[in-house]
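With the hints in hand, could you dock these two chains into one complex?
The residues making up each chain are set out below.
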Amino acid sequence: AQRVTQPEKLLSVFKGAPVELKCNYSYSGSPELFWYVQYSRQRLQLLLRHISRESIKGFTADLNKGETSFHLKKPFAQEEDSAMYYCALKEYGNKLVFGAGTILRVKS
Amino acid sequence: DVKVTQSSRYLVKRTGEKVFLECVQDMDHENMFWYRQDPGLGLRLIYFSYDVKMKEKGDIPEGYSVSREKKERFSLILESASTNQTSMYLCASSPHDKSLYEYFGPGTRLTVT
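If you're matching them up, the sequences are chains A and B in order. With the working numbering applied, the first sequence corresponds to residues 1 to 108, in that order. With the working numbering applied, the second sequence corresponds to residues 1001 to 1113, in that order.
Isolated chain B (complex conformation) (with noise of 0.2 Å):
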């Protein structure tokens, strides 16, 4: 069974701080995303990765980064925290062949104050 992990369900952060939401997924899929989940708005790409090393921007980037150096572990990054980042995170992943579907973590909290 696919497992996709993050590591914080809840997260209070102070606007300015650094912060960091991982996700790590146990079925060496190549394609990893984050999106951002908002009542009203869907779900909206933030960066997705291809393989390791590898990263792309999605429909709303602004504010956020990425890593992955590793094929299982896929990093956000927000440099300095705002309000208007508070929000549902949430981490996929899929494998390469197009026939299959992506996997959701169980989504992490993030209010900015």
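Extracted from the complex, chain A is given alone in its bound form (with noise of 0.2 Å):
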């Protein structure tokens, strides 16, 4: 079966600090990977997704199949990057697979 691995629910850091959202997954074939974030109140929204190779805000991802890998990252955390962030790997069919979500919050 097709998992995704968040392992952290809750990451806390300081305003300024780097972020790494870290995210695994297990996949027989190519793997197409995508971050969505939902911030306060809003809508589950795209992030960034790997096939893009694009920073969204400031963040990056690059996909290590090596070791199974898309982690989120961003060099200065800043206080409006607090959400909630998921992975997911999109399986035939279109259908998505999230992770359980890490929930960032950045302190000032």
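Worth flagging that the hints you see were computed from the coordinates, not collected in a lab. Treat the hints with care, since some could be wrong.
Pairs of lysine to aspartate or glutamate, DMTMM-like flavour, derived with a Cα cap of 25 Å [unchecked claim]:
1) A:Lys9 / B:Glu1022
2) B:Lys1003 / A:Glu20
3) B:Lys1055 / A:Glu54
4) B:Lys1070 / B:Asp1028
5) A:Lys9 / A:Glu20
6) A:Lys95 / B:Glu1017
7) A:Lys15 / B:Asp1028
8) A:Lys22 / B:Asp1051
9) B:Lys1018 / B:Glu1056
10) A:Lys22 / B:Asp1059
11) A:Lys65 / A:Glu79
12) B:Lys1003 / B:Glu1022
13) A:Lys95 / B:Glu1022
14) A:Lys95 / B:Glu1062
Here the structure is a predicted model, which is why all the values come from computation and not from measurement.
Quick look at the structure:
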């Protein structure tokens, strides 16, 4: 079965500190991975996906097939980054499998 | 701008009631999905649909059914609501083009008492 693991339920950092949200996956094929974010009282929205290889709001994520990881990183956290972050893997047929999510709290 | 709307933001129902959650998207997307979101469990897929009148079970379909009579509308039905179905329900849609991604609705928080 395909699985997505986010080992941290909560990650708390100070403003300006680096952030790394961990995501590991298991998948038998060629994976397609995403990070979704949900800010307080807002709908879930796409943050970035590995095929785009882009930086969104200062966040980047690199697919590491050897370690089966897709960690989300940002060099300097900002208070507005506080949110729930979900890592997701696309299965056949456009279905997404989500991790349990990590709450990021950025303290001032 | 893609819009996915859900009929209610908050809903309170009694055990045993039949519950309908409605989702409408305005972008002519073929795929539609229903998830439930629970703390510590993330999002779990209940049912999805690739086209009108088509439906497939997701990971946790027990206690739920769905209906897709029109392309833009995907309904989730709880035939007999139970307290363990208290949750946040999220609807999403996406086009068949695999290069594109899912758009989510605002969610319906259902409480079953």
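Right, here's what the structure says about each hint:
For the given pair, A:Lys9 sits about 31 Å from B:Glu1022 by alpha-carbon distance, which is inconsistent with the 25 Å threshold. The straight-line distance between the Cα atoms of B:Lys1003 and A:Glu20 is roughly 31 Å, outside the 25 Å bound, and the hint therefore fails. Proposed proximity of B:Lys1055 and A:Glu54 is contradicted: the alpha carbons are some 34 Å apart, above 25 Å. Our distance criterion of 25 Å between C-alpha atoms is met by B:Lys1070 and B:Asp1028, whose separation comes to about 10 Å.
A distance of roughly 13 Å separates the Cα atoms of A:Lys9 and A:Glu20; the hinted pair therefore holds under the 25 Å criterion. With a C-alpha separation of about 30 Å, the suggested pairing of A:Lys95 with B:Glu1017 is violated against the 25 Å cut-off. With a C-alpha separation of about 41 Å, the suggested pair A:Lys15 and B:Asp1028 falls outside the 25 Å cut-off, and the hint is violated. Pair hint A:Lys22 plus B:Asp1051 does not hold up; C-alpha atoms about 35 Å apart against a cutoff of 25 Å.
Between B:Lys1018 and B:Glu1056 the alpha-carbon distance is near 21 Å, which keeps this suggested pair within the 25 Å criterion. A hinted pair counts as satisfied when its Cα atoms are at most 25 Å apart, and A:Lys22 with B:Asp1059 qualifies at roughly 24 Å. Distance hint between A:Lys65 and A:Glu79 is unfulfilled; the C-alpha atoms sit about 31 Å from each other, more than 25 Å. Of the supplied pair hints, the one linking B:Lys1003 and B:Glu1022 holds, its CA atoms being roughly 14 Å apart against a limit of 25 Å.
A C-alpha spacing of about 20 Å is found between A:Lys95 and B:Glu1022, which places the hinted pair at or below 25 Å, so the restraint holds. For the hint linking A:Lys95 to B:Glu1062, the alpha-carbon distance of about 18 Å falls within 25 Å, and the restraint holds.
When held up to the earlier numbered hints, the structure conflicts with 1, 2, 3, 6, 7, 8 and 11 and fits the remainder.
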